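Chemist: Sequence positions in the sequence shown follow our numbering and run 434 to 765.
Hints were generated in silico from the structure; no laboratory data involved.
All values derive from a computational prediction rather than experimental measurement.
Even glycine gets a Cβ: it sits at the ideal position worked out from N, Cα and C.
One or more hints might be untrue.
Stated by the list, open to error - Derived DEER-like restraints, expressed as beta-carbon distance ranges: (1) Y533 <-> Q606: 16 to 26 Å; (2) P719 <-> E517: 50 to 60 Å; (3) E553 <-> D729: 54 to 64 Å; (4) G563 <-> P698: 45 to 55 Å; (5) Q606 <-> K663: 47 to 57 Å; (6) Q669 <-> E752: 27 to 37 Å; (7) L657 <-> E517: 40 to 50 Å; (8) S604 <-> F557: 13 to 23 Å; (9) K755 <-> G563: 45 to 55 Å; (10) K755 <-> A547: 50 to 60 Å; (11) K746 <-> K663: 30 to 40 Å.
As the list claims (entries may be wrong) - Below, a list of computed lysine-lysine pairs in the DSS-like style, where the Cα atoms sit at most 25 Å apart: (12) K446 <-> K556; (13) K505 <-> K471; (14) K521 <-> K556; (15) K521 <-> K471; (16) K485 <-> K556; (17) K600 <-> K681; (18) K660 <-> K600; (19) K639 <-> K684; (20) K521 <-> K505.
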Amino acid sequence: MSQSCSQLTTKLKHLQTLQGEFQLVLASYLQTGTDADKAKLEQLKQAIEIAKNEYERAGLVKVEWVNAYRTKHQIIAKQVIILEYIKKQIGGFQINSNQYGEVELLNINNNGSATPTINEALKFTNKLNGLKRFFCSNTQLSQLPKLPDSLQELFCHINPQLSELPKLPDSLQALNCSSNPQLSELPELPDSLQALNCSSNPQLSKLPELPNSLLGLYCHNNPLLSKLPKLPNSLQGLNCSNNPLLSKLPKLPNSLRGLNCSDNPQLTELPELPDGLQGLNCSNNPQLSELPKLPDSITYIDIRNTPAAQDPKVIAKLEEFKTKHPTAGVLY
434 MSQSCSQLTT
444 KLKHLQTLQG
454 EFQLVLASYL
464 QTGTDADKAK
474 LEQLKQAIEI
484 AKNEYERAGL
494 VKVEWVNAYR
504 TKHQIIAKQV
514 IILEYIKKQI
524 GGFQINSNQY
534 GEVELLNINN
544 NGSATPTINE
554 ALKFTNKLNG
564 LKRFFCSNTQ
574 LSQLPKLPDS
584 LQELFCHINP
594 QLSELPKLPD
604 SLQALNCSSN
614 PQLSELPELP
624 DSLQALNCSS
634 NPQLSKLPEL
644 PNSLLGLYCH
654 NNPLLSKLPK
664 LPNSLQGLNC
674 SNNPLLSKLP
684 KLPNSLRGLN
694 CSDNPQLTEL
704 PELPDGLQGL
714 NCSNNPQLSE
724 LPKLPDSITY
734 IDIRNTPAAQ
744 DPKVIAKLEE
754 FKTKHPTAGV
764 LY
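Construct the entire structure; sequences and hints are all you get.
Modeler: Pasting the structure below:
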C-alpha cells in the first residue's frame with residue numbers, strides 16, 4: 434500500500450483512539466461529575482475535531498492504485514483502502530474513476546468467489562462516494578451491500594443466491610434484477626428510475642408501485658406474476674410477455690410506443706390502444722379473440738397464433754389497415 438494510504442490508516446487509528454478515550458472519560462464524568470473529567474472532555478473534543486479534519490484531508494490525496502489486471506488508476510486514498518479490501522477478498526474486478534479520483538464504476542461480474550467471501554468483500558461499498566454504476570451479475574452474492582446515494586445504475590441479474598434487494602438510492606435510474614431465482618419481491622422504487630428489468634424471476638409474484646419517471650418496464654417470463662400495477666404516464670416501452678397467470682392489462686398510458694404482451698395464455702382482451710403506439714406484439718395468446726381499434730401510428734403488429742387471427746372481421750380490419758398504411762408490418 435502507498436505511503437499516503439499508510440498515513441491515512443495511521444490517522445484513522447489515531448482518530449479512533451481519541452474517540453474511544455472520549456467514551457471512557459464521558460462514562461467517568463457521568464458517574465463522578467468532576468471538573469477534571471469535564472476539562473478532559475473539552476480537550477478531547479478539540480483533539481477529535483482536529484484529527485477528523487486531518488483524516489479527511491489525507492483521504493482526498495490521489496494515489497496510484499493497480500488492480501489485479503495491472504491496470505493503473507489515480508484514486509483518492511480513502512477509496513484505495515476500500516478497493517484493496519475488495520481485492521484481498523475476491524481478486525480481480527474492474528473500475529473506472531472520475532477526474533476527482535472517485536470510483537464511478539465497480540464491476541465484479543462473473544466473480545466466482547464463495548458467498549460468505551463476496552458478501553464480506555462488498556460491505557464498504559456505500560463508502561464509495563461518487564459511485565454511479567455497480568455491476569454484480571453472475572456471482573454467488575446472497576445479499577447486496579448498502580448502496581451509496583450517488584448510484585445511478587445497478588445490474589444484479591443472474592445471482593442464484595440473491596433473495597432480496599436493499600433500499601434503493603434516490604438517484605437510481607436503471608435497475609436490472611432479472612434471472613434471480615430466489616428473488617420474491619422488489620423494494621420501493623425511487624422516483625428517479627427510468628428503466629426496470631425484473632424479468633425471469635420465478636418467485637416474483639407482484640410489482641411495487643411504479644414511479645412516474647419510468648420509461649421502460651421489462652417484466653416478462655415471470656410465472657407467478659398475475660397482475661401489473663398502474664402504469665405511469667411516462668412509460669414508453671412495456672414487455673409483459675410469457676406470464677402464464679397474467680389475464681388482464683391495466684390502462685395503457687398515452688406515452689406508450691411499444692407493447693409486447695405475447696405468450697400470455699390467460700390474456701383474453703387488450704385495453705384501448707394509445708394513439709402514439711408504434712409496435713404491438715400480441716401473438717401466441719390462445720384466448721385473445723378480438724382487437725381494439727388500431728391507432729394510425731402503428732408501424733408493426735403481430736397477432737399470429739391467436740383466435741383473432743382467424744376471425745374474418747378482424748382480418749378485414751387488418752386488411753383495411755394495411756391499405757391505409759402500406760408500409761406497416763402486419764402479421765396474422
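Chemist: Taking the hints in turn, state whether each one holds.
Modeler: These are the hints, each one checked on the structure:
Checked against the hint of 16 to 26 Å, the C-beta distance between Y533 and Q606 comes to roughly 21 Å, which is consistent with it. Under the hint 50 to 60 Å, the C-beta atoms of P719 and E517, about 57 Å apart, fit the expected range. Between E553 and D729 the CB atoms are about 58 Å apart, so this pair conforms to the stated range of 54 to 64 Å. Between G563 and P698 the C-beta distance comes to about 47 Å, which sits within the given range of 45 to 55 Å.
The hinted window of 47 to 57 Å between Q606 and K663 is violated, with their beta carbons roughly 21 Å apart. A hinted range of 27 to 37 Å for the beta carbons of Q669 and E752 is consistent with their spacing of about 29 Å. Taken as a hint, the range 40 to 50 Å holds for the pair L657 and E517, whose Cβ atoms sit roughly 42 Å apart. For the pair S604 and F557, the supplied restraint of 13 to 23 Å holds, since their beta-carbon distance comes to about 19 Å.
Range check, K755 to G563: about 54 Å between beta-carbon atoms, so the 45 to 55 Å window is met. Against the hinted window of 50 to 60 Å, the Cβ-Cβ separation of K755 and A547 comes to about 58 Å, which satisfies the hint. Remark: the range hint 30 to 40 Å for K746 to K663 is upheld by a beta-carbon distance near 32 Å. Restraint check: the Cα-Cα separation between K446 and K556 comes to about 20 Å, which is no more than 25 Å; the hinted pair holds.
Only pairs whose Cα atoms come within 25 Å are accepted, and K505 paired with K471 is rejected, the gap being roughly 50 Å. For a cut-off of 25 Å, the pair hint linking K521 to K556 stands: about 13 Å separates their Cα positions. Pair hint K521 plus K471 does not hold up; C-alpha atoms about 43 Å apart against a cutoff of 25 Å. Distance check on the hinted pair: K485 and K556 sit about 22 Å apart at the alpha-carbon level, within 25 Å; holds.
Proposed proximity of K600 and K681 is contradicted: the alpha carbons are some 30 Å apart, above 25 Å. Between K660 and K600 the alpha-carbon distance is near 24 Å, which keeps this suggested pair within the 25 Å criterion. Restraint check for K639 and K684: the C-alpha separation of about 17 Å stays at or below 25 Å, so the hint holds. Among the hinted pairs, K521 with K505 is consistent with the structure: their alpha-carbon atoms are about 17 Å apart, no more than 25 Å.
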